[in-house]
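Asker: What follows is each chain in one-letter form.
2 protein chains.
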Amino acid sequence: MLAEIITIGDEILIGQIIDTNSAYISKELNRIGVKVYQITSVQDDQHHILQAFEDAKKHADLVIVTGGLGPTKDDITKQTFCDFFNDTLIEDQSVIENVKQLFKKHQLNKPLPANFQQAMVPSKATILMNLYGTAPGMWMERDDVVFVSLPGVPYEMKHLLQDEVLPRIIMRFNRPHIYHKTLLTYGLGESAIAERIADWENGLPENIKLAYLPSLGKVRLRLSSSSNDESVLMESIDSRMEVLSEILSDIAIGYEDETSIIDRIAHILNQKKQTLSLAESCTGGAIVQQITAEAGASSFFIGSIIPYKTELKTKILGVPASLIEEFSVVSIQVAESMAINCCKLFSTDYAIATTGIAGPTKGDGVDEVGTVCIAIASPTGVVSEKFNFGNDRYRVIEKTINKVFEMFLKEISKN
Amino acid sequence: MLAEIITIGDEILIGQIIDTNSAYISKELNRIGVKVYQITSVQDDQHHILQAFEDAKKHADLVIVTGGLGPTKDDITKQTFCDFFNDTLIEDQSVIENVKQLFKKHQLNKPLPANFQQAMVPSKATILMNLYGTAPGMWMERDDVVFVSLPGVPYEMKHLLQDEVLPRIIMRFNRPHIYHKTLLTYGLGESAIAERIADWENGLPENIKLAYLPSLGKVRLRLSSSSNDESVLMESIDSRMEVLSEILSDIAIGYEDETSIIDRIAHILNQKKQTLSLAESCTGGAIVQQITAEAGASSFFIGSIIPYKTELKTKILGVPASLIEEFSVVSIQVAESMAINCCKLFSTDYAIATTGIAGPTKGDGVDEVGTVCIAIASPTGVVSEKFNFGNDRYRVIEKTINKVFEMFLKEISKN
Chain A
1 MLAEIITIGD EILIGQIIDT NSAYISKELN RIGVKVYQIT SVQDDQHHIL
51 QAFEDAKKHA DLVIVTGGLG PTKDDITKQT FCDFFNDTLI EDQSVIENVK
101 QLFKKHQLNK PLPANFQQAM VPSKATILMN LYGTAPGMWM ERDDVVFVSL
151 PGVPYEMKHL LQDEVLPRII MRFNRPHIYH KTLLTYGLGE SAIAERIADW
201 ENGLPENIKL AYLPSLGKVR LRLSSSSNDE SVLMESIDSR MEVLSEILSD
251 IAIGYEDETS IIDRIAHILN QKKQTLSLAE SCTGGAIVQQ ITAEAGASSF
301 FIGSIIPYKT ELKTKILGVP ASLIEEFSVV SIQVAESMAI NCCKLFSTDY
351 AIATTGIAGP TKGDGVDEVG TVCIAIASPT GVVSEKFNFG NDRYRVIEKT
401 INKVFEMFLK EISKN
Chain B
1 MLAEIITIGD EILIGQIIDT NSAYISKELN RIGVKVYQIT SVQDDQHHIL
51 QAFEDAKKHA DLVIVTGGLG PTKDDITKQT FCDFFNDTLI EDQSVIENVK
101 QLFKKHQLNK PLPANFQQAM VPSKATILMN LYGTAPGMWM ERDDVVFVSL
151 PGVPYEMKHL LQDEVLPRII MRFNRPHIYH KTLLTYGLGE SAIAERIADW
201 ENGLPENIKL AYLPSLGKVR LRLSSSSNDE SVLMESIDSR MEVLSEILSD
251 IAIGYEDETS IIDRIAHILN QKKQTLSLAE SCTGGAIVQQ ITAEAGASSF
301 FIGSIIPYKT ELKTKILGVP ASLIEEFSVV SIQVAESMAI NCCKLFSTDY
351 AIATTGIAGP TKGDGVDEVG TVCIAIASPT GVVSEKFNFG NDRYRVIEKT
401 INKVFEMFLK EISKN
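Protein chains in written order, with full-length UniProt numbering: chain A, 1 to 415; chain B, 1 to 415.
FYI, nobody ran anything at the bench for these hints, they're computed from the structure. Take these hints with a grain of salt, some might be off.
Any copy, or any two copies together, can satisfy a pair, since identical chains are not distinguished.
Said to hold, decoys possible - Straight-line distance between alpha carbons at most 27 Å, and here's what the computed DSS-like set of lysine-lysine pairs gives:
1) LYS104 / LYS386
2) LYS272 / LYS410
3) LYS73 / LYS104
4) LYS315 / LYS344
5) LYS309 / LYS273
6) LYS35 / LYS57
7) LYS181 / LYS73
8) LYS209 / LYS58
9) LYS309 / LYS344
10) LYS386 / LYS105
11) LYS362 / LYS272
12) LYS181 / LYS158
13) LYS410 / LYS273
14) LYS35 / LYS158
15) LYS110 / LYS100
16) LYS105 / LYS158
17) LYS362 / LYS315
Since the model is a prediction, treat every value here as computed from it, not as a measurement.
Next comes chain A alone, as it looks inside the complex (with noise of 0.2 Å):
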């Protein structure tokens, strides 16, 4: 079965905000064997949404729809949802009653409005009540196609999907099952895996797809299929990957949605029971940010410093002067100083120092834009590294912490 996405909004197609939305939906169906066909972004005009209902309608089984529910006069999902099938708004009482309960939660004294917009909803609707706020989603069908309404917060939306919505669409539809598996590499471009990996890919059969997708200094390499048998189809992707597994063994870090190259390193760490710092000069937060941003971080990760004046390496991280004066703060022997001495401070067993040129100007240091030194602190001993990551800050800061993974992955991986 098909199903198209449909996100309502001028913010989006006027670049004010990226549509996170429809790759969290669209990820979420496929879980369920349902395949996205298409996604469109249409404007807050009622002509352009019906449209695109119109268009939907000819290839979809389904249609989720976000956005233009909220309470303010730019939102005309559901006025439109009623020409589209042929309805008119009533009042709910439900919607009422919940929006008192969220008021009453978060001690929001104060009464509803007489009109209360938020409680309007297309007489033909199925409710699918928002327990996170206040615009209900709305589950109707015209010709056999479902048309599902979500709000465009991406919170309340995700609540709906998983609690409302899902759950409806595995009763109401029967679906195939999907299957993708990802293998995370590092450290090798496009073209040279696809060379690696030819004969293999030749022998690849026509219903499994093999998709590259590069960023900077990872390349992820995706099989794809559909079956209604769940094992063979299973089973035949799994032998594939495990070949590809194989002759990429150099550069490959393991499966995604199974894993992240954090994951794997909050793993072995946890595993030896060994703990991490950091010191992160250029890249400024980025690193721990990214590590903190799961939860479970704390089992192995104790704290980090960011010495972003120069001078801060040697009050607070001890990095001598003269060593800074000898060879530069962007240096190896500084970024392996900073990593021996945040290792002393924080008490672990490895830390991470980065110090180096994001850009675009030079900032305190002799440097090129785009120097990067990175160093890791084990208990063995020290390892570090000089690139130049170019002259795009965004690039370098990116750059800069895919191999400080790939490093840092690769030294834990050693013992």
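Fit chain B to the supplied structure of chain A, relying on the hints for placement.
Answerer: What follows is chain B alone, placed relative to chain A:
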């Protein structure tokens, strides 16, 4: 004139990546007066791409296509262009030369393969040379509709758009002026704002659109319009925005694009020649990462410590263990001590401290998930506040960040 953006790639439709290219392209097109009618994401499937081209041609004067230009087998955009334009692929010497230069620049000492796929381009295409990657862009026309193909790698796409595509669009099309202005507000909800500005909103003329863009702890209010007369257009929106800023003066921090809350903070601190350091516990580097993501942070931002483990708050920051014992690690008292000691450690005028339980588990504290204390130390003392931001890790961190910036801007605006 109207444009459509078509992004090609199964990775988008299975939710493996978030499409950020469309937002960038939309914003840049708007800037030069091109309105984006629709954004469509389609699969790596020739039939589907052709269908999307035909549909786009019905309402757009310009169609910008990204993705599917890589050197590997899953990339089919060029062949699809040939089918759509009834054309064939030929080898282009200038592309070969460009790639040789690129290899030389990156000291890649390898010969190009005999049938070098990236040099094959539709014979009728105007080649847009990609100075940052091997896949060239293409510009083709049919029935007065321009089709542009760009690589999906954001960095390469952005350079080609800026250097090759936008200048050609400006030459080729007559465009009106489009103008958006967005007011940033912190600390009040969407409905409450709508009530306060109802009279002002009702007085807006037909051709000026107001949009509300709420997210955790902040709401953006955007006015949009277009006209052939730029000065009338800008005056008409600017004057209304000034009135709105007045009405919302207690919660508005400035206009987006002209300023972010971090820009405002940087501006004030630079003017006063004052400095900032951070002690982030529960936010784990998310605040420092936002501050250092933009160039120029080093003019006011000195450094940061992330004492993730409780002991470090005592060991490195000097928070008395007795204070943690008496009031718990997530307390106003501990947050204030962290902030005051952070100022001393980094020798800064201001320090911001966060301590809290982001969840999903309570960690080593006794406090409820979602409890967060924020303290700001300044030359004149310390302010602090305790919050509960709910039980979703991501939202707790985001709400804390927004609240930190809101409180800190208020603090430095005082004197």
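Asker: Next step is simple, just say for each hint if it's right about the structure.
Answerer: Checked hints:
In this assembly of identical chains, LYS104 and LYS386 lie within 27 Å of each other by CA distance solely across copies; the values are 20 Å between and 57 Å within a copy. Proximity of LYS272 and LYS410 under a CA criterion of 27 Å is satisfied intra-copy only: 15 Å inside one chain copy versus 46 Å between copies. In this assembly of identical chains, LYS73 and LYS104 lie within 27 Å of each other by CA distance solely inside one copy; the values are 26 Å within and 57 Å between copies. Within a single copy, LYS315 and LYS344 get their C-alpha atoms as close as 14 Å, and across copies as close as 12 Å, so both meet the 27 Å cut-off.
Only between protomers do LYS309 and LYS273 lie at most 27 Å apart by alpha-carbon distance; the minimum there is 15 Å, versus 33 Å within a single protomer. Both within a single protomer and between protomers do LYS35 and LYS57 lie at most 27 Å apart by alpha-carbon distance, with minima of 15 Å and 26 Å respectively. For the identical chains of this complex, LYS181 and LYS73 are inter-copy neighbours only, at 18 Å across copies versus 44 Å inside a copy, given an alpha-carbon limit of 27 Å. Taking CA atoms no more than 27 Å apart as the test, LYS209 paired with LYS58 passes inside one copy only; the shortest distance there is 26 Å, against 32 Å between copies.
Within a single copy, LYS309 and LYS344 get their C-alpha atoms as close as 20 Å, and across copies as close as 15 Å, so both meet the 27 Å cut-off. Proximity of LYS386 to LYS105 under the C-alpha cut-off of 27 Å is restricted to the inter-copy arrangement: shortest distance 18 Å between copies versus 54 Å within a copy. Taking CA atoms no more than 27 Å apart as the test, LYS362 paired with LYS272 passes between copies only; the shortest distance there is 24 Å, against 40 Å inside one copy. In this assembly of identical chains, the alpha carbons of LYS181 and LYS158 lie at most 27 Å apart only when taken from the same copy (23 Å versus 30 Å across copies).
In this assembly of identical chains, LYS410 and LYS273 lie within 27 Å of each other by CA distance solely inside one copy; the values are 17 Å within and 44 Å between copies. In this assembly of identical chains, LYS35 and LYS158 lie within 27 Å of each other by CA distance solely inside one copy; the values are 18 Å within and 30 Å between copies. In this homomeric assembly, LYS110 and LYS100 come within 27 Å of each other (Cα to Cα) only inside a single copy, at 9 Å, whereas the closest approach across copies is 69 Å. For the identical chains of this complex, LYS105 and LYS158 are intra-copy neighbours only, at 20 Å inside a copy versus 46 Å across copies, given an alpha-carbon limit of 27 Å.
Taking the closest pair of Cα atoms, LYS362 and LYS315 come within 27 Å of each other only inside a single copy of the chain (22 Å); across copies the shortest separation is 34 Å, beyond that limit.
Hint compliance for this structure: no hint is broken.
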